[in-house]
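Enquirer: If you want the building blocks of each chain, they are given just below.
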Amino acid sequence: MSDIPFSDHTGGVDLRSNYFELFGIPVGYDVERSAIQPRYLELQRVVHPDRFAGLGERGQRLAIQYAAFVNEAFDTLCSPLKRALYLLEVSGHPVDVERNTVMDAAFLMEQMSLREELSEVRDSADPEAAVESVRENAEAMMDALKDEFVRLWQEGETGYEQAADCARKMHFAEKLLDEAEQLEEEILDS
Amino acid sequence: MAYSEKVIDHYENPRNVGKMDDKDPSVGTGMVGAPACGDVMRLQIKVDETGVIEDAKFKTYGCGSAIASSSLATEWMKGRTLDEAAEIRNTQIAEELALPPVKIHCSVLAEDAIKAAIDDYRKKNDSAA
Ligand code: FES
Numbered sequence: 001m002s003d004i005p006f007s008d009h010t011g012g013v014d015l016r017s018n019y020f021e022l023f024g025i026p027v028g029y030d031v032e033r034s035a036i037q038p039r040y041l042e043l044q045r046v047v048h049p050d051r052f053a054g055l056g057e058r059g060q061r062l063a064i065q066y067a068a069f070v071n072e073a074f075d076t077l078c079s080p081l082k083r084a085l086y087l088l089e090v091s092g093h094p095v096d097v098e099r100n101t102v103m104d105a106a107f108l109m110e111q112m113s114l115r116e117e118l119s120e121v122r123d124s125a126d127p128e129a130a131v132e133s134v135r136e137n138a139e140a141m142m143d144a145l146k147d148e149f150v151r152l153w154q155e156g157e158t159g160y161e162q163a164a165d166c167a168r169k170m171h172f173a174e175k176l177l178d179e180a181e182q183l184e185e186e187i188l189d190s
Numbered sequence: 001m002a003y004s005e006k007v008i009d010h011y012e013n014p015r016n017v018g019k020m021d022d023k024d025p026s027v028g029t030g031m032v033g034a035p036a037c038g039d040v041m042r043l044q045i046k047v048d049e050t051g052v053i054e055d056a057k058f059k060t061y062g063c064g065s066a067i068a069s070s071s072l073a074t075e076w077m078k079g080r081t082l083d084e085a086a087e088i089r090n091t092q093i094a095e096e097l098a099l100p101p102v103k104i105h106c107s108v109l110a111e112d113a114i115k116a117a118i119d120d121y122r123k124k125n126d127s128a129a
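Chains as they are written, first to last, in UniProt numbering: chain A, 1 to 190; chain B, 1 to 129.
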């Protein structure tokens with residue numbers, strides 16, 4: 001057992017800090033992957049298991065915990081959807097995604113028809129163009145939701161509820177985008 | 001993820017996939033989405049003059065459990081009255097399909113779709129009456 005406080009081994013990385021603090025950036029939606037990448041690499045070095053070597057089994061467990069924390073933080077900050085949810089969480093307005101299945105009908109209708117369109121891509125005369133069109137649609141949708149989220153977020157108290165709604169919608173846009181990208185890859189590969 | 005046999009059966013041979021005319025006054029349409037995963041489901045019922053569901057159709061873009069849940073829901077709804085159909089709970093669906101806890105939200109989606117379809121039908125027919 002070592003008497004050295006753990007914080008000395010972790011270069012000041014604190015599991016209680018929020019992800020923005022961890023990366024030394026202001027709390028907000030504007031995060032560029034490239035801007036936080038250097039800090040990510042630094043953090044990965046800091047929490048590298050080798051640095052916990054002298055701390056025995058407990059140290060190894062701790063190392064895993066720190067590494068997971070750093071990875072989760074980076075992953076969250078880089079993802080438009082996770083970042084939005086996280087931002088709402090740290091500001092005390094966590095989004096409940098487990099319930100709440102009845103949403104804006106027009107939005108769901110649009111999702112439904114885009115997913116339908118995607119499922120018919122392979123039967124279309126030009127699958128490549130068809131899938132591209134859905135993908136572009138999904139991208140535009142995601143961009144619009146991001147802009148709207150920022151606007152609502154900046155409104156503060158009065159905007160949180162709608163911002164949460166916006167974050168929920170992002171999940172649908174992201175799913176659509178994922179599926180479109182996957183299908184596009186398959187089509188281009190074949 | 002190991003799916004139960006019943007899930008696989010409904011997934012491979014989904015019952016009642018399709019679409020009805022949502023303008024038809026005897027049709028109720030329920031549209032729901034799961035913000036936990038981004039999946040969407042449409043469930044429709046056709047109700048006869050006596051208030052019995054004579055037909056049900058669904059289309060689900062989602063995981064196997066969601067497809068199985070909605071397929072089973074349409075089977076269960078046919079021949080029931082609106083009030084009886086409104087009694088269907090996600091827990092019954094989850095139990096019948098032996099869904100693991102992480103897949104509960106998929107059956108919640110089906111329950112909410114049932115309710116939404118019934119609501120839509122009632123709304124349409126109240127204002128028409
Ligand atoms: S994982 Fe989305 S409905 Fe099942």
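Note that these hints are calculated values from the structure, not bench results. Fair warning: this is a prediction, and the values are worked out from it, not measured in the lab. Mixed in with the good hints, there may be bad ones.
[What the hints assert, rightly or not] Calculated lysine to aspartate or glutamate pairs in the EDC-like style (CA-CA distance at most 16 Å, straight line):
no. : chain 1 : residue 1 : chain 2 : residue 2
1   : B       : LYS46     : B       : GLU96
2   : B       : LYS19     : A       : ASP165
3   : A       : LYS82     : A       : GLU185
4   : B       : LYS6      : B       : GLU84
5   : B       : LYS124    : B       : ASP21
6   : B       : LYS59     : A       : GLU120
7   : B       : LYS78     : B       : GLU95
8   : A       : LYS146    : A       : GLU117
9   : A       : LYS146    : A       : GLU32
10  : B       : LYS19     : A       : GLU116
11  : B       : LYS59     : A       : ASP14
12  : B       : LYS124    : B       : ASP24
13  : B       : LYS59     : B       : GLU84
14  : B       : LYS57     : B       : GLU5
15  : B       : LYS78     : B       : ASP48
16  : B       : LYS59     : A       : GLU117
17  : B       : LYS59     : A       : GLU32
18  : B       : LYS59     : B       : ASP48
[As the list claims (entries may be wrong)] Which chain B residues stay away from chain A? Per the calculated CB distances, all over 12 Å, these:
no. : residue
19  : GLU12
20  : ASP39
21  : GLU75
22  : GLY79
23  : LEU82
24  : ARG122
Ideal placement from N, C-alpha and C gives every residue a C-beta, glycine not left out.
Enquirer: Take the hints in turn and mark each one as holding or not.
Expert: Verification of the hints:
{"no.": "1", "hint": "B:LYS46 x B:GLU96", "in the structure": "violated, 24 Å"}
{"no.": "2", "hint": "B:LYS19 x A:ASP165", "in the structure": "violated, 28 Å"}
{"no.": "3", "hint": "A:LYS82 x A:GLU185", "in the structure": "violated, 24 Å"}
{"no.": "4", "hint": "B:LYS6 x B:GLU84", "in the structure": "violated, 23 Å"}
{"no.": "5", "hint": "B:LYS124 x B:ASP21", "in the structure": "holds, 13 Å"}
{"no.": "6", "hint": "B:LYS59 x A:GLU120", "in the structure": "holds, 14 Å"}
{"no.": "7", "hint": "B:LYS78 x B:GLU95", "in the structure": "violated, 20 Å"}
{"no.": "8", "hint": "A:LYS146 x A:GLU117", "in the structure": "violated, 23 Å"}
{"no.": "9", "hint": "A:LYS146 x A:GLU32", "in the structure": "holds, 14 Å"}
{"no.": "10", "hint": "B:LYS19 x A:GLU116", "in the structure": "holds, 12 Å"}
{"no.": "11", "hint": "B:LYS59 x A:ASP14", "in the structure": "violated, 47 Å"}
{"no.": "12", "hint": "B:LYS124 x B:ASP24", "in the structure": "holds, 10 Å"}
{"no.": "13", "hint": "B:LYS59 x B:GLU84", "in the structure": "violated, 22 Å"}
{"no.": "14", "hint": "B:LYS57 x B:GLU5", "in the structure": "violated, 22 Å"}
{"no.": "15", "hint": "B:LYS78 x B:ASP48", "in the structure": "holds, 11 Å"}
{"no.": "16", "hint": "B:LYS59 x A:GLU117", "in the structure": "holds, 13 Å"}
{"no.": "17", "hint": "B:LYS59 x A:GLU32", "in the structure": "violated, 38 Å"}
{"no.": "18", "hint": "B:LYS59 x B:ASP48", "in the structure": "violated, 22 Å"}
{"no.": "19", "hint": "GLU12", "in the structure": "holds, 17 Å"}
{"no.": "20", "hint": "ASP39", "in the structure": "violated, 7 Å"}
{"no.": "21", "hint": "GLU75", "in the structure": "holds, 21 Å"}
{"no.": "22", "hint": "GLY79", "in the structure": "holds, 25 Å"}
{"no.": "23", "hint": "LEU82", "in the structure": "holds, 18 Å"}
{"no.": "24", "hint": "ARG122", "in the structure": "holds, 15 Å"}
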